[in-house]
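Okay, here's what each chain looks like letter by letter:
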Amino acid sequence: MVNEDGIQVLDKLLSSDVKLSILTLFHNNPGLLDRLEGVALRIGRSASAIEKDAEDLLEIGILQRKKIGNSEVICFDVKRDGEIQGFLSNRILKGGD
Amino acid sequence: MERDAILVAGSAGTGKTTLGLQYLVNGAAKFGENGIYVTFEQMPDQIYRDATNFGWDLRKLEKEKKLKVVCTSPDLLIGGDGEHLLDETIRQLKPRRVVIDSLSHLGMYVEEKNLRKEVYRLLNYFKTKELTSLSTWETSQIAGQELSVTEVGTSFLVDCVVLLRMVEIESTMLKALVVLKMRGSDHDLSLREFKINSHGIRLSKPFIGFQGVVTGIPRRSR
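Heads up: the protein sequence lines correspond to chains A and B, in order. Sequential numbering of the first sequence, starting at 57, is according to our numbering. Sequential numbering of the second sequence, starting at 5, is according to our numbering.
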């Protein structure tokens with residue numbers, strides 16, 4: 057279940073071009089599993105430039121952290137993404153009340 | 005052979021990725037063997053798109069839990085302490101086949117003196133997971149007399165080496181395949197032409213009447 061307020065979720069999802077780039081990257085490539093640096097490289101940015109936006113997406117659960125060996129990697133949570141999409145879709149159909 | 009490590013070497017555009025994908029798609033569709041495709045530089049969305057040119061719906065295979073396309077950085081695949089990058093996927097998918105495209109990319113992250121050891125470690129990881137691995141390896145030359153499969157001795161670590169090669173015959177570039185090594189087997193040593201059509205790679209007839217095909221610049225036999 058998604059408990060966050062719809063506006064907050066929307067804000068966290070779409071408040072920057074970087075977030076949109078990260079989300080598009082993971083939507084198109086759901087098997088991507090990489091360090092923050094690797095994710096940044098794949099959207100033509102630096103790790104420091106995407107850190108804050110990635111953190112927001114991690115916070116709402118659409119991205120997940122995993123410990124692989126000695127590294128921390130980021131991956132896409134397809135289930136959570138589906139939940140959020142369903143939630144937002146319902147909010148839009150209900151007129152955002 | 006099951007649990008073998010296969011190396012497919014060739015320069016850019018020779019069909020290594022297509023061969024790797026075909027190996028996985030055939031495994032899932034014809035033999036009931038699930039597979040993992042690991043890519044480093046080429047993004048999965050491009051691979052999904054290119055695969056449709058051959059009638060392979062990789063997204064559908066992923067939904068059916070017969071295939072998983074993993075995109076990551078090469079050094080993460082080597083592992084370290086704790087969980088390996090592919091442990092969870094292997095537990096979930098129970099694959100029999102894995103394709104690494106391309107193993108040579110490890111060279112960008114691992115010192116040359118350690119590369120052979122790390123490749124050895126990775127191939128043994130796959131064997132302990134009862135996976136047959138097919139790894140691609142980029143060679144630099146498109147055509148020419150120099151023939152080196154890998155510079156770091158990787159071909160000694162694998163059970164089978166397949167070389168894909170562009171050859172020039174009568175002003176036309178053709179594609180040739182030869183099995184250079186197959187451990188424990190008296191394998192076919194003939195150089196065969198292959199074509200990539202709308203169904204993937206199709207092996208054709210051996211090159212007859214030419215010598216020096218493997219150098220890329222054959223001459224007619226007298």
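Just so you know, these hints were derived from the structure itself, not from any lab. Model, not experiment: these values are computed from the prediction. Even for Gly, the Cβ is constructed at its ideal location relative to N, Cα and C. Among these hints, one or two may not hold up.
[To be verified] Computed list of lysine to aspartate or glutamate pairs in DMTMM-like fashion (alpha-carbon distance at most 25 Å, straight line):
1. A/K135 x B/D49
2. A/K75 x B/E115
3. A/K122 x B/E66
4. A/K135 x B/E122
5. A/K122 x B/D61
6. A/K135 x B/D61
7. A/K123 x B/D61
8. A/K135 x B/D91
9. B/K64 x A/E139
10. A/K123 x B/E37
11. B/K64 x A/D137
12. A/K123 x B/E122
13. A/K75 x B/D91
14. B/K67 x A/E139
15. B/K64 x A/D133
16. A/K123 x B/E45
17. B/K69 x A/D137
18. B/K70 x A/D133
19. B/K121 x A/E128
20. A/K135 x B/E87
[Unchecked claim] With the Cβ distance kept under 8 Å, some of the chain B side facing chain A (calculated, not the full set):
21. Q46
22. M47
23. P48
24. K72
25. V73
26. C75
27. T76
28. D85
29. G86
30. E87
31. L89
32. V114
Going down the list of hints, with the structure as the test:
no., hint, result
1, A/K135 x B/D49, "holds, 19 Å"
2, A/K75 x B/E115, "violated, 35 Å"
3, A/K122 x B/E66, "holds, 21 Å"
4, A/K135 x B/E122, "violated, 34 Å"
5, A/K122 x B/D61, "violated, 29 Å"
6, A/K135 x B/D61, "holds, 22 Å"
7, A/K123 x B/D61, "violated, 31 Å"
8, A/K135 x B/D91, "holds, 20 Å"
9, B/K64 x A/E139, "holds, 21 Å"
10, A/K123 x B/E37, "violated, 28 Å"
11, B/K64 x A/D137, "holds, 19 Å"
12, A/K123 x B/E122, "holds, 20 Å"
13, A/K75 x B/D91, "violated, 29 Å"
14, B/K67 x A/E139, "holds, 18 Å"
15, B/K64 x A/D133, "holds, 18 Å"
16, A/K123 x B/E45, "holds, 22 Å"
17, B/K69 x A/D137, "holds, 19 Å"
18, B/K70 x A/D133, "holds, 19 Å"
19, B/K121 x A/E128, "holds, 24 Å"
20, A/K135 x B/E87, "holds, 22 Å"
21, Q46, "violated, 10 Å"
22, M47, "holds, 6 Å"
23, P48, "holds, 4 Å"
24, K72, "holds, 6 Å"
25, V73, "holds, 4 Å"
26, C75, "holds, 4 Å"
27, T76, "holds, 5 Å"
28, D85, "holds, 6 Å"
29, G86, "holds, 6 Å"
30, E87, "holds, 6 Å"
31, L89, "holds, 5 Å"
32, V114, "violated, 14 Å"
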